[in-house]
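Trainee: Start from chain A and add chain B according to the hints.
Number of protein chains: 2
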Amino acid sequence: MSTAEHASLHLTRAELVHPDGRRIRLYGNPGASTPALPPGLPQLEPTALHLRCDALTGDWVAVSPSRNRRPLTHASAGATTAAAAPACPLCPGGPELPFPYEAAVFDNRFPSLIPDAPAPPDGPDGLIAASTGRCEVVCYTSQHTGSVATLHPEQVARVVAIWRDRTGALLEDPRIAAVLPFENRGEEVGATLSHPHGQLYAFDRLPPITARRVAALRRHRETADGCLSCRLVGIDAAAPERAVRDAEHFTVAVPYAARWPYEVHIRARRHGASRLTDLHPEEQTELALLLQDVVRRYDALYGFELPYLCTVQQAPRAPGAEDWHLSIELLPPHRGPETLKVRASVETATGAFINDTLPEASAAQLAELPIHAPPIAAYAAPGIHP
Amino acid sequence: MSTAEHASLHLTRAELVHPDGRRIRLYGNPGASTPALPPGLPQLEPTALHLRCDALTGDWVAVSPSRNRRPLTHASAGATTAAAAPACPLCPGGPELPFPYEAAVFDNRFPSLIPDAPAPPDGPDGLIAASTGRCEVVCYTSQHTGSVATLHPEQVARVVAIWRDRTGALLEDPRIAAVLPFENRGEEVGATLSHPHGQLYAFDRLPPITARRVAALRRHRETADGCLSCRLVGIDAAAPERAVRDAEHFTVAVPYAARWPYEVHIRARRHGASRLTDLHPEEQTELALLLQDVVRRYDALYGFELPYLCTVQQAPRAPGAEDWHLSIELLPPHRGPETLKVRASVETATGAFINDTLPEASAAQLAELPIHAPPIAAYAAPGIHP
Chain A
8 MSTAEHASLH LTRAELVHPD GRRIRLYGNP GASTPALPPG LPQLEPTALH LRCDALTGDW
68 VAVSPSRNRR PLTHASAGAT TAAAAPACPL CPGGPELPFP YEAAVFDNRF PSLIPDAPAP
128 PDGPDGLIAA STGRCEVVCY TSQHTGSVAT LHPEQVARVV AIWRDRTGAL LEDPRIAAVL
188 PFENRGEEVG ATLSHPHGQL YAFDRLPPIT ARRVAALRRH RETADGCLSC RLVGIDAAAP
248 ERAVRDAEHF TVAVPYAARW PYEVHIRARR HGASRLTDLH PEEQTELALL LQDVVRRYDA
308 LYGFELPYLC TVQQAPRAPG AEDWHLSIEL LPPHRGPETL KVRASVETAT GAFINDTLPE
368 ASAAQLAELP IHAPPIAAYA APGIHP
Chain B
8 MSTAEHASLH LTRAELVHPD GRRIRLYGNP GASTPALPPG LPQLEPTALH LRCDALTGDW
68 VAVSPSRNRR PLTHASAGAT TAAAAPACPL CPGGPELPFP YEAAVFDNRF PSLIPDAPAP
128 PDGPDGLIAA STGRCEVVCY TSQHTGSVAT LHPEQVARVV AIWRDRTGAL LEDPRIAAVL
188 PFENRGEEVG ATLSHPHGQL YAFDRLPPIT ARRVAALRRH RETADGCLSC RLVGIDAAAP
248 ERAVRDAEHF TVAVPYAARW PYEVHIRARR HGASRLTDLH PEEQTELALL LQDVVRRYDA
308 LYGFELPYLC TVQQAPRAPG AEDWHLSIEL LPPHRGPETL KVRASVETAT GAFINDTLPE
368 ASAAQLAELP IHAPPIAAYA APGIHP
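Sequence order for the protein chains is A and B. For reference, each letter of the first sequence is one residue, going 8 to 393 in my numbering. For reference, each letter of the second sequence is one residue, going 8 to 393 in my numbering.
Just so you know, the hints here were simulated from the structure itself, not pulled from any lab data. By construction, the Cβ of each residue, glycine as well, lies at the ideal position given by its N, Cα and C atoms. Fair warning: there could be bad hints in the mix.
Estimated spans, in silico, between C-beta atoms of each pair [what the hints assert, rightly or not]:
hint, chain 1, residue 1, chain 2, residue 2, range
1, A, G100, B, A222, 48 to 58 Å
2, A, G310, B, A94, 24 to 34 Å
3, A, P26, B, E194, 23 to 33 Å
Among chain B residues calculated to face chain A with C-beta under 7 Å, some are [said to hold, decoys possible]:
hint, residue
4, C60
5, D61
6, P181
7, R182
8, S352
9, A356
10, G358
11, F360
12, L365
Just chain A, same shape as in the assembly (with noise of 0.2 Å):
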């Protein structure tokens, strides 16, 4: 693809900080003005924040009471009349984003990790620390109304190519050790706003599930030959029956081990592909589009958008993660149309996981399931111009 055919995606960044002290960024076409703020809203204040060490697994635990404040406006916002826009905070207008804008990424307003935490309280020795990191919510779209699956196809690009740039952003910072950019869509799953957004945490420390998988890859690197990411990669090539869609730059497969019946990840074939800001701009594009392609099954499997949890599994800073290979990996709580999977004792208090359902049946289901999915070669990765 030209260089001229990318011109019209480029985006631009304008760094704004709202009146309480919190940055936002806007991301917009080339000649969007910036707007002025008006004053905002006080930041809650922070001080209970502090990370607690569970000794028994080395697990850090983050102590956030502020959180419980969050705001709830589902109840309004299922409606998709103008008149219920103005109670979601996230709307052009509301308290966060108080101006017009199309994409934006501001300070989470209840973070439970913040750049400059205060020191913890006393506590037992090695058991306590400062919450230190950022945690951003990611506006993908100032319209109320629609998800992952209906946005056009380039705002689905536009929020990768931004969760690439907070990612290179955020790793500048050399106390930061882990990108994870996420979304929580349904109630289901614990999403108190139903307007199009996700998340980003940045970590000081590599969370207990990412440094598990750093030690596996570090583990099968010293014991067995090469890389344990290209093995997976090529365990799902060679599984026809447990993928969901072909694509050139990714698997897009229900895992091998997967923990619930939907489970599905989008994994770079290419070793070196381990951050966001390693792919290629083919590479981009393609990720964006198999993104909402799954979320388009998902929303065709029972009717009804799918709840599902979603994350950019990126390599964190630590030795070993160079055998990381990035992924998307979606995991939907549904494991028939009216009914849930439930973490219970075993899963919450072991670890140890139960499927009830075969990685190759509900794979095979969702590979059959008729979507409109756009040709990928129409798109390209925008990139970012600050």
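Mentor: Okay, now just chain B, sitting in the frame of chain A:
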């Protein structure tokens, strides 16, 4: 307490084989006659059962498609009328226990782990295994209604004695590495039957969190001085602000790094009390009454039966597990009378937990609740005499 006072609490155990081949163990007072068994239901064919390894973490996932056919009787079981009882498979005369009983343990009709698991299907090298283990159901009483909070204290003591009896018996099988008695209470945590009961899983390998706990104990023993569990008991004993109540042989506290707002751990103070089978009679009695005490506080918290996950965390068969102190750990999902803690993307995909509530604040709430707790000295741990 004299031997004479213990005598009335002795239990007998009778073993039967269901016509479909599953084992039933009946626990009751001496003199209870062993009933005859009518023809039973055929057992589901568990040929699809196997384990798959998530290579990225090393965790094993049990693939168990037959579980989708589990019975659902909540709608009818919610009623307390006699007419509702026949719908319950756990009531006397039902398909599982077709005779009068006092308390019983039987092989789960919908197991995800079985003693003589079939050879697994073909799969990637090292990533597939047989589903070897045990899944049992523990009926606390033949009464259809009630819970650990409302049972007679001697009935709760009988439950603990049954857990102990099964732990010892299951660990006699050299293939079994870990035994987990547990209870899921409430539809919110996936309980499909309301008859007072729990379950018991026996694993042929350490579940992920169990393995990490053993690794933490070993690491602490090697790098620090002594037993990590003793250190935790000391930390809890020195923190009355997290104590839910006093006890002689156990700490009863919201743990320092609680993941759930109303999480409570009942942990053995004595080094060497690693499994139920290690408990002295006075410890076992106290444990039962403390369990009931905590559940009564839960039910007093908001005025309804608080759903919870409850696990008996005891030492697996593994090097380093000698520093394990037995605990009963209760995890209620509620963070308010009408709000649940939801594990969304961050918790699920990275293992990092965020707790909205200060452990000290919820401990104070639980500690202050006026509940009726019987004096511990009034009861003794039942012995079991097969």
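Trainee: Would you say the C-beta atoms of G100(A) and A222(B) sit inside 48 to 58 Å of each other?
Mentor: 52 Å, holds
Trainee: Grab the minimum C-beta distance from A356(B) to chain A and call the hint holds if it beats 7 Å, violated otherwise.
Mentor: 4 Å, holds
Trainee: How about L365(B): closest beta carbon in chain A under 7 Å, or not?
Mentor: 6 Å, holds
Trainee: Can the suggested window of 24 to 34 Å be confirmed for the beta-carbon pair G310(A) and A94(B)?
Mentor: Once the Cβ atoms are compared, 31 Å apart, the range 24 to 34 Å for A94(B) and G310(A) holds.
Trainee: Could you check if F360(B) really has its C-beta closer than 7 Å to a C-beta on chain A?
Mentor: 5 Å, holds
Trainee: With a cut-off of 7 Å on the beta carbons, see whether D61(B) makes it to chain A.
Mentor: It holds, given that the least Cβ distance between D61(B) and chain A is near 4 Å, below 7 Å.
Trainee: Is the hinted range of 23 to 33 Å satisfied by the C-beta distance from P26(A) to E194(B)?
Mentor: Given a distance of about 45 Å, which is not inside 23 to 33 Å, the answer is violated.
Trainee: Quick one, is the R182(B) hint okay against chain A at 7 Å, beta carbons?
Mentor: 16 Å, violated
Trainee: Identify whether the interface hint at S352(B) stands, where standing means a beta carbon of chain A within less than 7 Å of its own.
Mentor: Holds. Min distance 4 Å.
Trainee: Have a go at the C60(B) hint: is there a Cβ in chain A nearer than 7 Å to its own Cβ?
Mentor: Interface hint status for C60(B): holds (6 Å vs cutoff 7 Å).
Trainee: A closest beta-carbon separation below 7 Å is what the hint needs, so does G358(B) meet it against chain A?
Mentor: Holds. Min distance 3 Å.
Trainee: Is the interface hint satisfied for P181(B)? The criterion is a beta-carbon contact with chain A at less than 7 Å.
Mentor: Violated - the Cβ of P181(B) stays beyond 7 Å from chain A, reaching only about 20 Å at its closest.
Violation of the numbered hints given earlier is confined to hints 3, 6, 7; the remaining hints are satisfied by the structure.
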